[in-house]
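There are 2 protein chains.
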Amino acid sequence: MNAHELIRRKRDGLSLDEEEIRFLVSAYLKGEVGDYQMAAFLMATAIRGMTNAETVALTRVMMESGRVFDFDLLGAPVIDKHSTGGVGDKVSIPLVPIAVECGLAVPMISGRSLGATGGTLDKLESIPGLRTDLDPDRFARQVGELGACFGAQTEEIVPADRKLYALRDATATVESVPLIVSSILSKKFAEGVHGVVIDVKCGSGAFMRTSSDARELAGALEAVGASMGKAVKTVLTSMDEPLGRTIGNALEMEEAIRVLKGSGPPDVTALAYRLVAEMLRLGGIVPDISSGETLARSAVESGRAFDRFMNIVAAQCGKLDPDAAGFGLPRSKVVNTLVSRARGFISRIDARIVGETVRELGGGRFGKDDAIDHSVGVVLLSVRGDEVAEGDALIEIHASGEDAARNAARRLSDAIFISAGPVPPASLYLVP
Amino acid sequence: MNAHELIRRKRDGLSLDEEEIRFLVSAYLKGEVGDYQMAAFLMATAIRGMTNAETVALTRVMMESGRVFDFDLLGAPVIDKHSTGGVGDKVSIPLVPIAVECGLAVPMISGRSLGATGGTLDKLESIPGLRTDLDPDRFARQVGELGACFGAQTEEIVPADRKLYALRDATATVESVPLIVSSILSKKFAEGVHGVVIDVKCGSGAFMRTSSDARELAGALEAVGASMGKAVKTVLTSMDEPLGRTIGNALEMEEAIRVLKGSGPPDVTALAYRLVAEMLRLGGIVPDISSGETLARSAVESGRAFDRFMNIVAAQCGKLDPDAAGFGLPRSKVVNTLVSRARGFISRIDARIVGETVRELGGGRFGKDDAIDHSVGVVLLSVRGDEVAEGDALIEIHASGEDAARNAARRLSDAIFISAGPVPPASLYLVP
Numbered sequence: 059m060n061a062h063e064l065i066r067r068k069r070d071g072l073s074l075d076e077e078e079i080r081f082l083v084s085a086y087l088k089g090e091v092g093d094y095q096m097a098a099f100l101m102a103t104a105i106r107g108m109t110n111a112e113t114v115a116l117t118r119v120m121m122e123s124g125r126v127f128d129f130d131l132l133g134a135p136v137i138d139k140h141s142t143g144g145v146g147d148k149v150s151i152p153l154v155p156i157a158v159e160c161g162l163a164v165p166m167i168s169g170r171s172l173g174a175t176g177g178t179l180d181k182l183e184s185i186p187g188l189r190t191d192l193d194p195d196r197f198a199r200q201v202g203e204l205g206a207c208f209g210a211q212t213e214e215i216v217p218a219d220r221k222l223y224a225l226r227d228a229t230a231t232v233e234s235v236p237l238i239v240s241s242i243l244s245k246k247f248a249e250g251v252h253g254v255v256i257d258v259k260c261g262s263g264a265f266m267r268t269s270s271d272a273r274e275l276a277g278a279l280e281a282v283g284a285s286m287g288k289a290v291k292t293v294l295t296s297m298d299e300p301l302g303r304t305i306g307n308a309l310e311m312e313e314a315i316r317v318l319k320g321s322g323p324p325d326v327t328a329l330a331y332r333l334v335a336e337m338l339r340l341g342g343i344v345p346d347i348s349s350g351e352t353l354a355r356s357a358v359e360s361g362r363a364f365d366r367f368m369n370i371v372a373a374q375c376g377k378l379d380p381d382a383a384g385f386g387l388p389r390s391k392v393v394n395t396l397v398s399r400a401r402g403f404i405s406r407i408d409a410r411i412v413g414e415t416v417r418e419l420g421g422g423r424f425g426k427d428d429a430i431d432h433s434v435g436v437v438l439l440s441v442r443g444d445e446v447a448e449g450d451a452l453i454e455i456h457a458s459g460e461d462a463a464r465n466a467a468r469r470l471s472d473a474i475f476i477s478a479g480p481v482p483p484a485s486l487y488l489v490p
Numbered sequence: 059m060n061a062h063e064l065i066r067r068k069r070d071g072l073s074l075d076e077e078e079i080r081f082l083v084s085a086y087l088k089g090e091v092g093d094y095q096m097a098a099f100l101m102a103t104a105i106r107g108m109t110n111a112e113t114v115a116l117t118r119v120m121m122e123s124g125r126v127f128d129f130d131l132l133g134a135p136v137i138d139k140h141s142t143g144g145v146g147d148k149v150s151i152p153l154v155p156i157a158v159e160c161g162l163a164v165p166m167i168s169g170r171s172l173g174a175t176g177g178t179l180d181k182l183e184s185i186p187g188l189r190t191d192l193d194p195d196r197f198a199r200q201v202g203e204l205g206a207c208f209g210a211q212t213e214e215i216v217p218a219d220r221k222l223y224a225l226r227d228a229t230a231t232v233e234s235v236p237l238i239v240s241s242i243l244s245k246k247f248a249e250g251v252h253g254v255v256i257d258v259k260c261g262s263g264a265f266m267r268t269s270s271d272a273r274e275l276a277g278a279l280e281a282v283g284a285s286m287g288k289a290v291k292t293v294l295t296s297m298d299e300p301l302g303r304t305i306g307n308a309l310e311m312e313e314a315i316r317v318l319k320g321s322g323p324p325d326v327t328a329l330a331y332r333l334v335a336e337m338l339r340l341g342g343i344v345p346d347i348s349s350g351e352t353l354a355r356s357a358v359e360s361g362r363a364f365d366r367f368m369n370i371v372a373a374q375c376g377k378l379d380p381d382a383a384g385f386g387l388p389r390s391k392v393v394n395t396l397v398s399r400a401r402g403f404i405s406r407i408d409a410r411i412v413g414e415t416v417r418e419l420g421g422g423r424f425g426k427d428d429a430i431d432h433s434v435g436v437v438l439l440s441v442r443g444d445e446v447a448e449g450d451a452l453i454e455i456h457a458s459g460e461d462a463a464r465n466a467a468r469r470l471s472d473a474i475f476i477s478a479g480p481v482p483p484a485s486l487y488l489v490p
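As they're listed, the protein sequences go chains E and W. First residue of the first sequence: 59, per this note's numbering; consecutive thereafter. First residue of the second sequence: 59, per this note's numbering; consecutive thereafter.
Among the clues, some could well be false.
If chains are identical, the list can't say which one is meant, so a pair holds when it fits in one copy or spans any two.
Claimed, not checked - In silico lysine to any residue, SDA-like type, Cα no more than 20 Å apart, as pairs:
#, residue 1, residue 2
1, LYS426, ASN60
2, LYS426, HIS62
3, LYS426, GLU90
4, LYS377, GLY361
5, LYS288, THR109
6, LYS88, GLY449
7, LYS319, GLU460
8, LYS221, GLY92
9, LYS319, ALA429
10, LYS377, LEU204
11, LYS377, ARG316
12, LYS426, ASP227
13, LYS319, ARG267
14, LYS288, VAL235
15, LYS426, GLY173
16, LYS426, CYS375
Think of the hints as simulated: they come from the structure by calculation, not from any bench.
Chain E with its partners taken away, still in its complex shape:
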């Protein structure tokens, strides 16, 4: 077996078996196959695709490249949730403590922001002191003790994905269904989950722009999960409009906490309940979505989910003040307001432009080692369907300075579309 022959076969659209994929990935991790050979293989895969069996093999080989957790001794169903990423998507943060209060264990390993979409880790790290770089033993212990932990991917967990993702990012091979599926599922399955609910975002602010691409990805995720004996459930949701009212790390954290206090925006709250319900159904705790949503709501309304969240944050060294304005999260120096120059109904707020604007304000990264300003971002004072008059405040801009705020205002004015007649509010779920 040699790498050249395997690359050639993939180039010609043929399939590899698990032993061959294992050989290639192992040789790559050992440095016996160079970046240039793996780049050629990734490009051939991006163009030729992979069969379900090949994607399963790649997922398993990647998963087994590092530590694989096992939480079977906990006795609780171990179910995680993943989102393919969207603008304003902070759902994981309230979802984890709610799910734990409903009887699940959630060993969540998240990523950082890249591109126009945020990352759960960055949002969490807006909490002063909070650490996500826990060693694997401490991560596992916290899941046992508190039912959940918010962790970062370390050197020890799926190292193949870290190395392959960096190479994909440099070689225009990120957008490939089998490579996306193996990257997502290898990490989730390394967490030792019994199942995972995946929110596949679709629209201008998401990685998948069209519903057919989103459906293809969802189908591949579920098929690979089934082949590996893991329950994978996908939910397709719209990402043409930002999710919730806030975009930016600390602002999103504040909104996530308000969801836990029962006063979050309706779309974020509804999606959190729905995804928890899907997790509960996967874990066999409820028979249907409706009873799962009821269970989720009661975990919030009882205050238990909020308390659970505070315990998790404290265990990870985070300092939140539940009584302070903004919970003691960092605040930006400048807060300006963008006002409407027209009257009518908001017909669209372009999620991608909003995401890019927050990234430019310093809330996201252009290079993977860029530092993040957790305090910056935007608050949408009006959303699609709202009627606005000339001079009404549309968006609050939280910036590190006046220039940055002015630039953001200029960009954001292109993101908001106002029509003369009424517009229905944004719908969250894609028609299947």
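Position chain W against the provided structure of chain E, taking the given hints into account.
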């Protein structure tokens, strides 16, 4: 403009313009684009292909990456010949002095053997003392003085091809028409030729196995040549049987010299005359192939081509003894004979097996830095169509030792097929 965007476009089957290709190749040569990014681009190109305009751009950019010769002041038409490589193909060696004697200048830069097919440089270097590593000024001066020079590709000539070819070899992207075309033509056009005749070999012993692949390559070569204002003429020839009677460096050199003395095997002689005639027609020296072949034959029969060859060899420090047996070329220690175990007619001698056997005898390379034993090889005592009796000598095996000779005999017995009824001799040209 950035490399990632250009790779992505090629991945998606879109085209790049010359400025974009120039940016990518320049950045690669400067080390600003890494091997891994270029490997991804090469794989995308191998799968998606290139338009004629893209191949033209790549050829031009590669050509301009190093020194480009200009022989216009010579006054003679400057025409080269290239072969895509075949087993026993030594045609370039007699062709060059014949072409010069017919009025052309031939600044020939050749390659070394790789795989089962030989390289003109290795055959030339079987002449004791002969140097091909001439600096560009000396190369140009010799073309001016003697009408021809046999040179090697140095660091200064098409460095982009050296770097790209090594990467293609490692990433299974050698077999790609636009990449082959740009590699061949960038080197030939850097020689400063007005035109080039390309012998596209097709069959078991060639790079192109099928006639449709060979025709596709030939069409692309001629189209790119035309777009670049250079006359490119392809001739498609069969490479199912070895060319001539000898395979192995010194043995092929000896046969090449016999062609110059008018006593070469009919197929090599005919092909040399035909290709010279094509060159003469491209150079405007003759109106048709038939008068070109007549001119070529008279250059040989007059002894002028042989004398020209001896002058070129001497100018390149080679020592040939025209009166010695084997012209003073190296001889192997062991010469064994493979005899026929059947009677009948030779229906096929598999060129690829013969080429691989000579490579294993030490006449070719497995790695690019392998040393070559110029003395080893085989002489075909009978060829396709010949009638043979049991016990007749079929092949002479020239080896460095008895073991190597025995292994070669074992392999070669699988390369020769004998049928009961008569078989026509091999035909040289592919029906267009």
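Hints, verified against the model:
1. LYS426 <-> ASN60: between (33 Å within a copy, 17 Å between copies)
2. LYS426 <-> HIS62: between (31 Å within a copy, 15 Å between copies)
3. LYS426 <-> GLU90: between (26 Å within a copy, 18 Å between copies)
4. LYS377 <-> GLY361: The answer is within: 19 Å in one copy meets 20 Å, while 97 Å across copies does not.
5. LYS288 <-> THR109: within (18 Å within a copy, 45 Å between copies)
6. LYS88 <-> GLY449: neither (62 Å within a copy, 54 Å between copies)
7. LYS319 <-> GLU460: For LYS319 and GLU460, neither the intra-copy (33 Å) nor the inter-copy (88 Å) Cα distance is at most 20 Å.
8. LYS221 <-> GLY92: Classified as both: same-chain Cα gap 12 Å, cross-chain 16 Å, threshold 20 Å.
9. LYS319 <-> ALA429: Answer is neither: 30 Å inside a copy and 76 Å across each miss the 20 Å cutoff.
10. LYS377 <-> LEU204: Cα proximity of LYS377 and LEU204: one copy only (17 Å, versus 86 Å across).
11. LYS377 <-> ARG316: Classified as within: same-chain Cα gap 17 Å, cross-chain 91 Å, threshold 20 Å.
12. LYS426 <-> ASP227: Only inside one copy: LYS426 and ASP227 sit 10 Å apart there, 32 Å across copies, limit 20 Å.
13. LYS319 <-> ARG267: Intra 33 Å, inter 71 Å, cutoff 20 Å: neither.
14. LYS288 <-> VAL235: within (19 Å within a copy, 44 Å between copies)
15. LYS426 <-> GLY173: So LYS426 and GLY173 pass the 20 Å test inside one copy only (10 Å; across, 43 Å).
16. LYS426 <-> CYS375: neither (25 Å within a copy, 58 Å between copies)
In terms of the numbered hints stated before, the structure departs from hints 6, 7, 9, 13 and 16, listed from lowest to highest.
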